[in-house]
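For the record, the sequence lines run as chains A, B and C.
Under our numbering, the first residue of the first sequence carries the number -1, and numbering increases by one thereafter.
Under our numbering, the first residue of the second sequence carries the number 1253, and numbering increases by one thereafter.
Under our numbering, the first residue of the third sequence carries the number 590, and numbering increases by one thereafter.
Think of the hints as simulated: they come from the structure by calculation, not from any bench.
Do not rely on the hints blindly, as some may be mistaken.
[Stated by the list, open to error] Cut-off 20 Å, straight-line C-alpha distance, at most; resulting in silico cross-link-like pairs (DMTMM-like, lysine to aspartate or glutamate):
| # | chain 1 | residue 1 | chain 2 | residue 2 |
| --- | --- | --- | --- | --- |
| 1 | B | Lys1479 | B | Glu1537 |
| 2 | A | Lys78 | C | Glu610 |
| 3 | A | Lys78 | C | Glu616 |
| 4 | C | Lys802 | A | Asp146 |
| 5 | A | Lys81 | B | Glu1283 |
| 6 | B | Lys1615 | B | Glu1537 |
The primary structure of each chain is shown beneath.
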Amino acid sequence: MAVFSIVLLYGPLIVMAFFSFNESRSVTLFTGFSWTWYQQAAGNERVQEAALLSLQIALVATIVATTVATMAGLATTRTKSFKALPVVYAIINQPLMVPEIVTAVGTLVFFGIIKQVTGVYGLGYLMLAHIVFCIPFAYMPIRARLEDMDLTYEHAAADLYATPWLAFKRVTFPLMLPGILAGAMLSFVISLDDVIISLLVAGPGETTLPIWMIGQLRRGLTPEVNAISTVLLGVTVLVVSLVFLLTIRKR
Amino acid sequence: MTPSKTDSSVDGSVAIEAINITKIFGSGADEVRALDDVSVTIRENEFFTLLGPSGCGKTTLLRLIAGFEHPTAGQILLSGSAIGHLPPFQRPVNTVFQNYALFPHMTVAQNIAFGLEMQGKPRAEIDDTVKQMLLLVRMQALAERQTSQLSGGQQQRVALARALAPRPNVLLLDEPLSALDLKLRKEMQIELKRLQHETGITFIFVTHDQEEALTMSDRVAVMNEGKIRQIGTPREIYDHPGERFVAHFIGETNFVEGELISANGSTGQVRLTSGAEVPASLPAERVAPGRVSLVIRPEHAELTENPDAGVFQGQIDNVVYFGTDTHYYLHLDDGTPFMVRLQNQRDEVSTFARGSRAGVTVKGNAAQVLLD
Amino acid sequence: MALVETVPGPTAQHTTLSGEEATAQAERKTRRLRWILLTPALAIICGIGIMPLSIILVYSFMSPGPYAGISWEPTFDAWISLVLERDIFDDTLQLNDAHISILFRSLWLALLTTVLTLIFGFPLAYFIATRPARQRNLWLFMISLPFWSNLLVRTFAMMLFLRDDGYINNVLLLIGLIDKPMILIYTEFAVAVGLVYAFLPLMVMPLYASMEKLDFRLIEAGYDLYANRLQVLRRVIIPLVKPGIVAGCILVFIPAIGSWVTPKLLGGGKGLMVGNLISNQFGTSRDWPLGSAIALFLMLMVMIALIIYVRNSTAARDHG
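Just chain A, same shape as in the assembly:
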C-alpha cells in the first residue's frame, strides 16, 4: 500500500523528468536521449529573464522573512508565555489560513490603491507579497527548533558570566542555526513556486518563471516547459533534502 502510494506520488514526476530528455518534440513517445530542450530553455531570453526575476524575488523574500521570523521565534519561545501569545500565533499563521486566491485578489486591490495614492511602482510590491506568505513557512522550523532547545543552555551561559548579548551570540544563535537555515530554505522554495499571488500582483513585465510557464500552456505542453519543470523539481528536491538533514540530526 505504502509502496503503491509512493509510486503514485513519484511516478508522474519521474515520467515527466524522463521525457524532458526526449530527443523529439513528443512528450509521450520516447525516441532517444538528448539535452536539446534544456539547451533551448537555457538559451531562451524570456526564460533567462523570468528565472532571474524569480531568483531575485525569492532571495529578497527569504532574507527578509527569515530575519523577521527568527526575531518572532525568539520572542515567542525564549520568554515566559504571555497572554497575547495565541493572538500572535494566529497573526503569524494568518497567511496559511486564508486561501491563496483571496490573499491574491486582496493584495492586488490593496496595492492598486497604494500605487494610485503614492504614484510609486516597481518590483517592491511583488517582493512584499512574497515576504508575507514566506513568514509562516520560515517561522515553523525556527519555532520548532527553539522549543526543542532547553532554556538551561542560556541559564548555563549566564551562570558562566556571559552577558545576555554574549549568551545569544555564543550559545542561542549557534544552536538555533539549523532551524534558521531550514526556515530560509522553505521560504526560498515556497517563493520560487508561487503562482497565483504572483500572477495577480505582478506588474506589467514582471514575469516570474511560473507565470511564464502558465503563459506557455496556450501552446500546449512543450518539452521546453517540461525541461524547466524538471529543473525546478531538482532544485526543490535538493533544498528540501537539505532541510530534512538539518532538522533530523538532533532527534
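Given chain A, put chains B and C in place with the hints provided.
Below, chains B and C without anything else, positioned relative to chain A:
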C-alpha cells in the same frame, strides 16, 4: 547536640547568608509560595546540602542564589554583600545543572573554557586552567570530544570542571547525580567529596536522596513546604530529628506515644503507654511536660526472648531477612506498629519467629522527643 | 538581547534594588524586548496580509467601475449576484445557475478530495507509524517531498497522463482495452485526481503525527479482548487518532476549496472552481465588487471549517 530549626550560632567565615527569603510564584489564585521566610547561613569551605521532597523549595533557593530568580522578599548576602539584585552573570557563583546543560555545539575543552572566556581571561591562562580542570576531573584524554559522545558520568565530570574552572566562591549543584545509575552515583559521591576537599570551594548541594545527603555533607538543611525544618550535621539530623517530618523523611523510624514526666536540660524522662519509663533526648525548643511523640530508630531497639520483659511488648507479624540484618515487624500491645532491625551473625538461627510474642528494649537514651 | 527572563538591565548595577524591584524591572525589560522582536513580523503580516482583507470587504459593498476597479456607490448588488441574477428583460431576480453550480462543485470537489485523501492517507500513515523508528523519518520525508515541489510542475505531470494523447490513453490503446481515447482531462474527474494528488501529503503528515503517539499495545489489547480487525479499527484506532484525522481533513479541505491551478489546468471550462471564478472577476469579467464578495464567501467557508476544527480539538482536550 540538640536539634535546632534556626541557625544562629555559626562560626568561621560566612560564604552565603540568606535572610528571611520569601519567594512567591504567580499571583492571585495561582499563587505558589515556594519559599516562606527562610533564613540560612552557609560557611566557607562547607559541603552544605539542601534536602527535601520535590516541591519543597530547595531548587528555588538554589536558583535564587544563582540569580535565575529574584526573591519576593528578603536578602541574599555573598561574603557579606547583597547580591539579590545582580543578574547571574555578575555573581561569582557557578552551577552544575541537573541535566548538565553542556553546550552541545562545543567540545569538552571549549565547554570548560567558556566561563573563563566570558570573564575575559587571557588565552594562555584559559588554556592553563582548562588543562588543570581536565586533570582534576580526570578527563585529559577526552578534551577534544563532542559532549554528545560522552557517557553520563563523563558529562557529569565535564559539567563539574566547567563550573569549577572560573574558581567561583560557591558551587551550586542541582541534583547532579539523579541521572546516573546506582553504581556510578556511589562513585561520583566520593568524587564530589574529593573535589570539594581539593578545591576548598563551598558546595551547596540539592538532593531528595537522604543517603546522598548523609554521606557527603558537612551540614544538611531538611526542607518541606517552603520552610527549613531542621539544620544540622548528618548525625544530628539522623539521631535527633526535631519533627515528625524530618524523622520520617530520613531513614526508617518508629513513632510511639508517651508522656514527658520530667525534663532536665536536653534530656528527660518519658512514660510509655506500656507503663515503662525511658530516658529521652529533648529538642532545643523546650517541650512542656505532657503528651509527646517519640522517635526510636529500628537499629536502636532490641528484642528480648522473655515476652514480658523490655519497655514494650508485642507480637511479631513478619520477619524479613536482608543479608546484613533482619527486620522484625511487630505490633505492640497498644496497636502501634514497630520495627526492630537486628544485625545478623553467620549461621545464626533466629529465635524470634513470625507469630511469636517478644519484648522490646531500647538502647541507652535512643528515644528522641519530637516537637510535634 | 535579554533572552533569559531573569536578567535585569544594566541600570540595576549601580543602585541596590530589592528583589521585588529587580524582578519587576527584569520583567519590564523582557516585555519591551519581546515586542521589539515581534513588531516587524506582526507589522508586515497585519499591514500587507490582513489590511487587504478589510479592503475587499469594503469593495464588496460598492458598484463596479466602468472598466475595472470600483465606483464609490454603496450597494448590496455584489452580494446578491453571488447566488441570484437579474433577468435582462424583466428585471426579476432568479437563481444564478452558473455561480451556484461553481460554488457547489467547489464544495463537492473539496469534500471529495478530503474523503479520498483520508482513504488513501490512513493506511499509508499507519504503515509509516508501524515502521522501525529509524525508517519512519525517511518515509515521512518521501511523502512530504512532493508537497514542497512546485504545484504547477506536479499539475503539468498530471496533464501528461490525463490528456487525450496522454500516457493513460496511450497505454490503454496499446493493450487494446479501448479503441479510442477516453476523455479524461477537462472533467471534474481530472480535477479530483489532481487535487488528491496535490494534497495527499497534507493528509498523511498530521495523521502520522497522531499515530506515532499511538500505543500499539492497545491494539493488541483490543485483539486480546476478542475484537476483530474492523472492530479494533473502529473502536480503538480511530478514536485515538481522531485529532490527526480532523487536522488532516482541515489541512486538505482549506487549500482544496480555494484551489486555482488544478481546476485551471485540469478542469477546463467544465471544471472551474470558486478560485477561478474570483480571479475571472478581476480579469476578464471586470467586476471587482463581485470578485470581492465571492472571495469573502470563500473565506467564510474556510472560517467555518476552522471553527469546526477548533471546537473539535478543544473538545478532545477536555476529554483527554
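>> Need the status of pair Lys81 of chain A, Glu1283 of chain B: alpha-carbon distance at most 20 Å?
In response: Holds: Lys81 of chain A and Glu1283 of chain B sit about 17 Å apart, inside 20 Å.
> Going straight from one Cα to the other, do Lys1615 of chain B and Glu1537 of chain B come out at no more than 20 Å?
Replying inline: 24 Å, violated
> Given the hinted pair Lys802 of chain C and Asp146 of chain A, is their alpha-carbon gap at most 20 Å?
Replying inline: 18 Å, holds
>> With the threshold set at 20 Å, check whether the alpha-carbon distance from Lys1479 of chain B to Glu1537 of chain B stays at or below it.
In response: 17 Å, holds
>> So if I understand the rule, the pair passes when the alpha-carbon distance is 20 Å or less; does Lys78 of chain A with Glu610 of chain C pass?
In response: The given pair, whose Cα atoms are some 18 Å apart, holds under the 20 Å limit.
>> Against the 20 Å threshold, does the CA-CA distance of Lys78 of chain A and Glu616 of chain C hold or violate the hint?
In response: 10 Å, holds
Comparing the model with each earlier hint shows a violation of hint 6 alone; every other hint is respected.
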